[in-house]
Amino acid sequence: MEWVNTIVQGILTGGLYAMFAAGLSLIFGVMRLVNIAHGDLIVLAAYVALVVTETLGINPLVSLAFVVPIMAIAGYVLQRTILNRTLGDDLLPPLLVTFGLSIIIQNALLEIFTADSRKLNAGPIETASIEVLPGISLGVLPLLQFVLAVAVIAAMQFLFYRTATGRAFRATSDDQPVSQLMGLDNRHVFALAMALSLAIVAIAGVLLAVRANFDPSIGPARLIFGFEAVIIGGLGSMWGTLAGGIILGVSQAIGAKIDPGWQLLAGHLVFLFILAIRPQGLFPKVQ
Amino acid sequence: MGAAAIRVVHSTRSSRIGVAGFALLFVMLAAAPFWAERSDLRLLVEIFTYVALASLWNLLAGYAGLVSVGQQAYVGLGAYILFGLAIFAGINPVWTIPIAGLISAVIAIPVAFLIFRLRGHYFAIGTWVVAEVFRLLAAQIGPLGGGSGISLPVATVTAIAETRQMREFLIYWIALALLVVILGLIVMLLRSRYGLALTAIRDNETAALSNGVNVTRTKLVVYVITAAGTAMIGALIFLQKLRISPDVAFSVNEWTAFVIFIVVIGGVGRLEGPIIGTIVFFLLRETLADLGALYLLMLGIVAIGVMLKAPKGIWGYVADRFGWELFPLARRVERRDGPPP
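So the sequence lines, in the order shown, correspond to chains A and B. Sequence positions in the first sequence follow my numbering and run 1 to 287. Sequence positions in the second sequence follow my numbering and run 288 to 628.
A portion of the hints provided could be inaccurate.
Listed next, the in silico DMTMM-like pairs over lysine to aspartate or glutamate satisfying Cα-Cα at most 25 Å (straight line) [to be verified]:
| no. | chain 1 | residue 1 | chain 2 | residue 2 |
| --- | --- | --- | --- | --- |
| 1 | B | K596 | A | D90 |
| 2 | A | K285 | A | E2 |
| 3 | B | K596 | B | E455 |
| 4 | B | K599 | A | D185 |
| 5 | B | K596 | B | E333 |
| 6 | A | K285 | A | D174 |
| 7 | B | K528 | B | D490 |
| 8 | A | K257 | B | D490 |
| 9 | B | K599 | A | D90 |
| 10 | B | K596 | A | D89 |
| 11 | B | K596 | B | D534 |
| 12 | B | K596 | A | D174 |
| 13 | B | K528 | B | E333 |
Hints are computed from structural coordinates only; laboratory data are not their basis. In this text, all values refer to a predicted model and were calculated from it rather than measured experimentally.
Just chain B, same shape as in the assembly (with noise of 0.2 Å):
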């Protein structure tokens, strides 16, 4: 019985169970537009940008361990790259949200390079410096409306769609199939050897450096897809607002401090945990938002609690209890000639 006799097993039974019911809801969620309200749709689109951001996060700090509270950096980016191409070369909106991953994932290499110099917590603030770099720049640009932001042309709003109706199921559509992206990128990442990497990189640093693991590139990939994926959501969040502004594309609180809040709620380095974490979010939200500044300082309190009484969130709880994992990123050995006796 050689090495080649074993293989590497990702699904398990909770798993097999995640995966069909997310490919229900999956074609649920596609046909909403055909049974869901208007406003349901906008809701809808909000908790897919939410989803995303968050589990963005959570693959940068809870897997990389690379804290960041600077990410509205490049939600922001994405977005004045979508209004700077849409307003000034004319693209189709719809096509600039992959062309602003792909410049954002250019723009996060020298970024990173410099960043990565500072350790653990400065590290996190040094991210919240260039996301301040980022909005104090994007205030410059006076074609763009400079401090005050400017709309997106009623020519480039009807070349996204005619009426106004196909727009938002446009967008809708869009923002699901981001998100499914998104989400299916990060379970091949933490399945891929980057995966396994990151892992023994979270558990032990020295030890994964002495393994062979080349922890600083490992970070880096991990950055650039963030920043990538992150500035795909901007952009589509602020096609969805068709105005944009510096102090509300690079807000810390928005597209931070309520994703740092979901995920520690969910449960922070589990891929389940941004979804649980947005949908509490969400219903404390549609409850508690009329409350406006106590709102926001309930938040903090629930915060910091669950960081002190369980760190490792909702999800964490419930993994650890009951050892569900609604996506297939386990890793167990079999033998290759079938079930082990």
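This is chain A alone, in the form it adopts within the complex (with noise of 0.2 Å):
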């Protein structure tokens, strides 16, 4: 029952990690950047829901309200004011300027708010569990983070297939001069897909900050994460992403239970050893 207990919250905190694949999943597939500032932006998501829950005296949940928008128009404006002057054939600028932009944010956020670690408080939600067989329970918490994962997840399945924008994007990644004479504007795709990016990251950044505590050294471990379960999953597949994130999370939780000092170190290898017998991932989108 312990174990089964074990592989179920692993399964909740695997949400969280395809929560945060899934915007540094779309970028990719829409303008081919790894965003290595990603884990450090869902950081400043935390710590933006840190200020307006502090300002404004309300809920973490109900400040989604405000630090989705707000990340989003940061997305926007990132991506017009910079990232899309580094797009182009060579790898090098993009990946060094969000290598930049990680150290600016976590230095920022050091100066502001110091090394001390953080939490939101979200209330009784926190302790409240149901029990849905004798002896498993779950926390309300972890719960309505996995279905807003799954959520998150769906409602991107179907921008992408079913809606214009999602069109835009697709045409796009699919083929940037032909999508331009289509009459897209190419940076104000991209600008979109990073706001749609930033978005998700806003609402991974506050789960995270209300399930434990953050400071702002932790970005590039989220980054991590996201990562191998991007590549777990399989590239350009979302269903595949949420698979990967599981994946992880079980792995994490199996690790931590034989010994804590193992719960990265199982992550990490379960990555490895999929990237060596499955290089193109799990369930990779079908060309």
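Take the two lone chains, each set in its own frame, and fit them into one complex as the hints suggest.
Here it is, written out as structure tokens:
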């Protein structure tokens, strides 16, 4: 029973990892950019939520109504002012610019909020749980987090394949010059994609901040979890990303159960193992 | 006039001046223990290690197109090999430095086999995962202090040299020698057929492939050489520190972020870039380091600014403007029977 519980907890954590991964995967899909600052943007969203909840005295989950638009606008501006200028055949500029951005965000947060760890308090919902089977109870918050992750991924799937914006994303991803000839403004399309990515980052950041302690230095690890979920699941597949997140979450939970020092290591090793035997990921997009 | 009547000339007038300048500088630096203060020597060792780390990263990213943000994996690996061999096998730490390079080269081969499956940007994050795995594994080694680290025992330290002064001199000379060897090897590599292959790959990978360049093998050779060099420098850095812990040995800021900053400022894809970049980096550090987090923030802003406004860095600008080149790397074809008429 204890093991079943471990695995269930791992699955629920995996939802959060899938959300880290979804924003990363979206950006890569649309403009072939890997945002090294992705994890730090998640932490930034957590701090934005901290400021919003403390200023307005509202529940962190309600603060999403502010944090999501703030981050989305920041994403649009970031893409239009800086990142669009780095895109091209050369891999180096976008990588180094987002790497620089990561250092800027980390140290700016450190300067403003110090290195103390913080946590957002969501009230009684944090300790609430429901017993689904005798001996297995699920926390309401982790469950909510998982449901939100599934909802985000379903919404992205819908957006990608059922809306005009999604069609623009796919067209730009397939062939930039041709999509431009068809009247799309790539700079705008990319900025929209980044806005959407940071909207997801905002949700992930708030959920992270409610679940666990955070401080300015934890961003890179979130980037790595998201990245591992993307590669395990298979590039270009939204539902694969969810599966990747779950596999990573369960591996870490099992690792932690065996020895607390093995929590992160177990996740990384499963990732490397899958990279070795199935480099295209478990559920690659069929071309 | 057959094909045999031509030869490839590497040196230019500026590179002859450059090489003469480097030789003069080398003699001066080799004599530094006789004219410099103790604190200056320590600073010089640090500068040498950063020039070496930056030159190796530049070879990897600027020439082979393998952009890694995980080179701290090999800095830490080299350092841990030095501590492990010195403490448990009783080998003189100085001799463990080449051994650390050799072992790291061997370890780098299966690592490359894994992460070469990731393309472009994802390769970069893959290297970071590898570094994290190394860090977490190092924290699991109980006899080497686990997560909190360990110091070199006194007996091992005195085995390097009897007095502290002699030890510092020795470490200084090793750092200088290692730097010269690494720079020399990079020049030789770039002048060899691998260098030509690398240039071809950098300019157009598909075209290089169709001309018979074995792209994967060339990249593998560069990756393994870089790993070995980085590990030897890592071992040396922690021989000077005398203390190791996983978080410091595998620090992404110290061994990768600073190094990338140096190369970007100095000029990516040029051998002179890392040297110029290191000078700028240390000038900034010596004047602004008291600012702490703000200093790092400024480094980030400067790096982004350079990448957007002058992507070739300081030396790229100079080289384009004046055609200077300090290392004999150019390839010009001349007739064998003397200078062209």
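Hint check results:
Among the hinted pairs, B:K596 with A:D90 is consistent with the structure: their alpha-carbon atoms are about 15 Å apart, no more than 25 Å. The straight-line distance between the Cα atoms of A:K285 and A:E2 is roughly 36 Å, outside the 25 Å bound, and the hint therefore fails. For the given pair, B:K596 sits about 42 Å from B:E455 by alpha-carbon distance, which is inconsistent with the 25 Å threshold. At roughly 28 Å between alpha-carbon atoms, B:K599 and A:D185 are farther apart than 25 Å, so this suggested pair is violated.
Between B:K596 and B:E333, the direct Cα distance comes to roughly 29 Å. Violation of the 25 Å bound is thereby established for this hinted pair. As the CA atoms of A:K285 and A:D174 are separated by approximately 14 Å, the hinted pair is consistent with the 25 Å bound. Under the criterion of a C-alpha separation no larger than 25 Å, the hint pairing B:K528 with B:D490 is inconsistent with the structure, at around 41 Å. In summary, the hint linking A:K257 to B:D490 is not supported, as the alpha carbons are separated by about 50 Å, beyond the 25 Å threshold.
With a C-alpha separation of about 12 Å, the suggested pairing of B:K599 with A:D90 holds against the 25 Å cut-off. For the given pair, B:K596 sits about 17 Å from A:D89 by alpha-carbon distance, which is consistent with the 25 Å threshold. A hinted pair counts as satisfied when its Cα atoms are at most 25 Å apart, and B:K596 with B:D534 does not qualify at roughly 34 Å. For the given pair, B:K596 sits about 29 Å from A:D174 by alpha-carbon distance, which is inconsistent with the 25 Å threshold.
Restraint check: the Cα-Cα separation between B:K528 and B:E333 comes to about 11 Å, which is no more than 25 Å; the hinted pair holds.
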